[in-house]
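**Q** If you want the building blocks of each chain, they are given just below.
Number of protein chains: 2
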Amino acid sequence: MAADAASNTREVYGDAPLVGAIEAGGTKFVCAIGNGPEAGLLARQEFPTGDDPQRTIREVIGWLEAESRRVGSIRALGVASFGPVELDASSPRYGWITTTPKPGWRDTDIVGPLRRAFPGLPIGFDTDVNGAALGEGRWGAARGLEDFVYITVGTGIGGGGVARGKLLHGLVHPEMGHFPMPVLDGDSFAGSCRFHGRCWEGLCAGPAIAARAGRPAGELAADDPAWELTARYMAHAFATLTYVLSPRKIIFGGSVRKAGKLGEARFLAMIRRHFRGVLNGYIASPMLEEGGIDQFIVPPALGDDAGVCGAIALAHDALAAW
Amino acid sequence: MAADAASNTREVYGDAPLVGAIEAGGTKFVCAIGNGPEAGLLARQEFPTGDDPQRTIREVIGWLEAESRRVGSIRALGVASFGPVELDASSPRYGWITTTPKPGWRDTDIVGPLRRAFPGLPIGFDTDVNGAALGEGRWGAARGLEDFVYITVGTGIGGGGVARGKLLHGLVHPEMGHFPMPVLDGDSFAGSCRFHGRCWEGLCAGPAIAARAGRPAGELAADDPAWELTARYMAHAFATLTYVLSPRKIIFGGSVRKAGKLGEARFLAMIRRHFRGVLNGYIASPMLEEGGIDQFIVPPALGDDAGVCGAIALAHDALAAW
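These protein sequences, in sequence, are chains A and B. So my numbering is basically just the index in the first sequence, starting at one, shifted up by 8. So my numbering is basically just the index in the second sequence, starting at one, shifted up by 8.
Bound-form chain A, shown alone (with noise of 0.2 Å):
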């Protein structure tokens, strides 16, 4: 496979340079080495996130080490992470997973043992959401774009965006599964976020769902009013997020995307629609209209290789600014 995908890259991906990827998640690290989605990817593995983040991380560097000698020389690496992480280049925590409560992980060092273990390599770090924007804006659904937001929704909510051609950061970085959310009519659930019980994830993410409804987004019906509920507040918050960033586009990745036996075609559906509703014509725009709004709330073009092709785009980035 390694000799077919190769000779892909050459064509699809002409010079981009080989990388080494690592889209750092909650429950698994994708590792991969290649130079752009699909056919870029040379070589591709999964290790659990576990508890233990230097056996992690170990095991990482190993398959890095182990592959770039099989398929090929990396010229840089990307890290697309799970957060809170620290952006900021001057601080000593730069490259850091700093306050999340998963256990283990609080105050790791990620970019560190990377930089000791691949020394001279230009690394680079962001989120995980910001990752997946990034990996959209090269070669999925926001190409050629320079303002777009990249919305995760499964266990948690997060999101990443791009403003004027750069990745936001800020005095963290966004979080923008938490904030507060209209209560709809009749729902007199209490929120599942043990921070801020409604706020957007503690209304829309999984376990939201199913605690609401008493049994996993899965195995809902498909005319389950959940759905519908859940569609009306997906779309108060991208309103949220139309208002606050104007994006020229709104891509919905993670798995409540996938809406079980709704399907998602149905479910963006609904979104878009109440979407419209909530804007109720206030912003002028022909990407808010009938034909238009298709193409305004969108799901990943990368499926679910945004985070890793992310990581890549992240490690050509760092490579171009060595």
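There's no promise every hint is true.
[What the hints assert, rightly or not] Quick list of simulated restraints, FRET-style, between CB atoms:
1) Pro109/A with Gly120/B: 48 to 58 Å
2) Pro109/B with Ser98/A: 38 to 48 Å
3) Ala328/B with Asp96/A: 21 to 31 Å
[Stated by the list, open to error] Below are the SDA-like pairs computed for lysine to any residue, each with C-alpha atoms no more than 20 Å apart in a straight line:
4) Lys110/A with Ser293/B
5) Lys174/B with Leu153/A
6) Lys174/A with Ser81/B
7) Lys110/B with Ala292/A
8) Lys110/A with Asp60/A
9) Lys266/B with Ser293/B
Calculated directly from the structure, the hints in this document are not laboratory data. Even glycine gets a Cβ: it sits at the ideal position worked out from N, Cα and C.
The hints should help you fit chain B onto chain A, whose structure is shown.
**A** Same frame as chain A, now just chain B:
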């Protein structure tokens, strides 16, 4: 005065070029010639916005022509305008006020008449709040920061911002006053926004406070519960901005912040306290703790000149990009 100011200017602002500035507001147009705030404003004049755009624009142009002959020729123009406006430089409607409900002003070309009156002069154009953000970034409360927002709460609510050093644009531009909000316990007010009812503007702008209380905010006693309620809503809205954008500072301008008999300092202290309560420790940053928070939510350092100074900054940027 012009002579004194000119000599001050040379001291304080060195060789920054003289430019024309227009803060195009819904009530008045504030025009100036200068190269920075305070001593840098060599001439200043206000014109009512009215309902006849051609007349207002003609007055503004006439004043700029006369004053630039008097105090010194200008090298660029900057316009910070109420909106919505068209910011896409490739659009034939670039530099227009577009779908505003303001009588007479829908689909008004602002930049075009200025270009014809001042041929060959670079013209910067952006929203009033983006302009104010830029001004605060250059000379005010956000000096040296790459990520921050500027909010104005008055007759309406608007917000602009800078991310990674660039003004937020996008599909249209941010319309931060209109995101959905939770309804707080005991508040039966239906909201005053004619598009969204209980969006941020519908709950917290001057008309909303007056409609809920039955009299203007300026007449409310310092201990009127309306202040506490408004502060709680503001805290939720600032939390939303913090989660979506991760600003390093929120600059809170506009008349409502002055809070009548309560006063700005006490109103801001209320908002900061509730804001920390809403975040509930989710984002770890010294800026969000006691000791930092007073520098995180702040009034504009340029006061009510943030907008016109922002127009000067827009002019300087247009000149630099020329």
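**Q** With reference to the structure, classify each hint as holding or not holding.
**A** Now for the hints, and whether the structure bears them out:
A beta carbon spacing of about 55 Å between Pro109/A and Gly120/B agrees with the range 48 to 58 Å that was offered as a hint. For Pro109/B and Ser98/A, the hinted distance range of 38 to 48 Å is satisfied, since their beta carbons lie about 46 Å from each other. Checking the proposed 21 to 31 Å range against Ala328/B and Asp96/A shows it holds: the Cβ atoms sit about 27 Å from each other. For the hint linking Lys110/A to Ser293/B, the alpha-carbon distance of about 19 Å falls within 20 Å, and the restraint holds.
At roughly 15 Å between alpha-carbon atoms, Lys174/B and Leu153/A fall within 20 Å of each other, so this suggested pair holds. For the hint pairing Lys174/A with Ser81/B, the CA-to-CA distance comes to about 37 Å; that exceeds 20 Å, so the pair is violated. With a CA separation close to 15 Å, the supplied pair Lys110/B and Ala292/A stays within the 20 Å bound. A C-alpha spacing of about 11 Å is found between Lys110/A and Asp60/A, which places the hinted pair at or below 20 Å, so the restraint holds.
The hinted pair formed by Lys266/B and Ser293/B fails the criterion: a straight-line CA distance of about 28 Å is larger than 20 Å.
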